[in-house]
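Visitor: Sequence:
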Amino acid sequence: MATLTRASILTAAKAVVEELGMEKARVSDVAKRLGTTHAALYKHFKNKDDLFEELTKQWLLTTEAPILEYHTAEPNVIAAHDWLFLLAKTKQANFKRDPKMFMLYTTNVAKSAPLSTWLFNRLWAKAEEVLGVDSPNHQVGHALITAFDSFHNPALSFAWANQDLPTEFEQVWQLVSPALNELTKKN
Numbered sequence: 001m002a003t004l005t006r007a008s009i010l011t012a013a014k015a016v017v018e019e020l021g022m023e024k025a026r027v028s029d030v031a032k033r034l035g036t037t038h039a040a041l042y043k044h045f046k047n048k049d050d051l052f053e054e055l056t057k058q059w060l061l062t063t064e065a066p067i068l069e070y071h072t073a074e075p076n077v078i079a080a081h082d083w084l085f086l087l088a089k090t091k092q093a094n095f096k097r098d099p100k101m102f103m104l105y106t107t108n109v110a111k112s113a114p115l116s117t118w119l120f121n122r123l124w125a126k127a128e129e130v131l132g133v134d135s136p137n138h139q140v141g142h143a144l145i146t147a148f149d150s151f152h153n154p155a156l157s158f159a160w161a162n163q164d165l166p167t168e169f170e171q172v173w174q175l176v177s178p179a180l181n182e183l184t185k186k187n
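Take the sequence shown: its position 31, counted from the start at 1, is 31 in full-length UniProt numbering, and no numbers get skipped.
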């Protein structure tokens, strides 16, 4: 048997989720795939939630790389528009491409305050970076991400199949952009 590592456990856990779905995935299934006991996995992860939350983080770091690595030569309102649209397109593409992992992500973000905080703090900070503002506790980033919730929030993914993303996104943008233009003039 190969040496058991966090990375090998996460790889096996992802395979189990993709095979069985999040609802049926168990730590014992992961252990079986690795040829070990479930107790051996607890040397690397505190419990099932810890394992699947870490898997969610790893999946997000991979699938959301384009969002978090987005760079603009000059932060401004137009860059914020493009970044927000990239955020929406990326989330919706992940939902279509990998529905079982997306369900894991949706469930874990809803039930884990630390995971949710980790995710949203990163998004709020990036929104402000792209817009070129800096507010206490990322208030501007929070408001901006919230305004576009229906396009990227996994809890609202049930509506994406019937959504005309470009049209609906632009409708919200037309409401929000005047306030952003005013805000960036002040900075």
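The set of hints was computed from the structure by calculation and includes no laboratory data. We treat Cβ as the ideally placed atom computed from N, Cα and C, and that holds for glycine. A few of these clues could be false.
Restraint-style ranges between C-beta atoms, simulated for each label pair [unchecked claim]:
{"hint": "1", "residue 1": "107", "residue 2": "76", "range": "32 to 38 angstroms"}
{"hint": "2", "residue 1": "42", "residue 2": "172", "range": "31 to 37 angstroms"}
{"hint": "3", "residue 1": "28", "residue 2": "3", "range": "53 to 59 angstroms"}
Straight-line C-alpha distance at most 35 angstroms; calculated DSBU-like pairs for lysine-lysine [stated by the list, open to error]:
{"hint": "4", "residue 1": "89", "residue 2": "43"}
{"hint": "5", "residue 1": "111", "residue 2": "43"}
{"hint": "6", "residue 1": "24", "residue 2": "111"}
{"hint": "7", "residue 1": "111", "residue 2": "185"}
{"hint": "8", "residue 1": "48", "residue 2": "14"}
{"hint": "9", "residue 1": "126", "residue 2": "111"}
{"hint": "10", "residue 1": "111", "residue 2": "186"}
{"hint": "11", "residue 1": "185", "residue 2": "96"}
Visitor: Decide if the proposed pair is consistent with the structure: residue 111 and residue 186, CA atoms, cutoff 35 angstroms inclusive.
Guide: Outside the cut-off at roughly 38 angstroms; violated.
Visitor: Between residue 111 and residue 185, does the CA-CA distance stay at or below 35 angstroms?
Guide: Violated: residue 111 and residue 185 sit about 39 angstroms apart, past 35 angstroms.
Visitor: Per the hint of 32 to 38 angstroms, is the separation of the Cβ atoms of residue 107 and residue 76 within bounds?
Guide: Cβ of residue 107 to Cβ of residue 76: about 36 angstroms, so the range 32 to 38 angstroms holds.
Visitor: Is it true that residue 28 and residue 3 lie within 53 to 59 angstroms of each other by Cβ?
Guide: violated (20 angstroms)
Visitor: Taking 35 angstroms as the top limit, are the C-alpha atoms of residue 126 and residue 111 close enough?
Guide: holds (23 angstroms)
Visitor: Tell me if the straight-line CA distance from residue 185 to residue 96 falls inside 35 angstroms.
Guide: violated (38 angstroms)
Visitor: Decide if the proposed pair is consistent with the structure: residue 89 and residue 43, CA atoms, cutoff 35 angstroms inclusive.
Guide: Violated: residue 89 and residue 43 sit about 38 angstroms apart, past 35 angstroms.
Visitor: Does the hinted range 31 to 37 angstroms hold for residue 42 and residue 172 at CB?
Guide: Given a distance of about 45 angstroms, which is not inside 31 to 37 angstroms, the answer is violated.
Visitor: Taken at face value, is the distance from the CA of residue 111 to the CA of residue 24 at most 35 angstroms?
Guide: holds (17 angstroms)
Visitor: Does the alpha-carbon distance linking residue 48 and residue 14 stay inside the 35 angstroms limit?
Guide: holds (13 angstroms)
Visitor: Is residue 111 within 35 angstroms of residue 43, Cα to Cα?
Guide: holds (23 angstroms)
Comparing the model with each numbered hint stated earlier shows that hints 2, 3, 4, 7, 10 and 11 do not hold.
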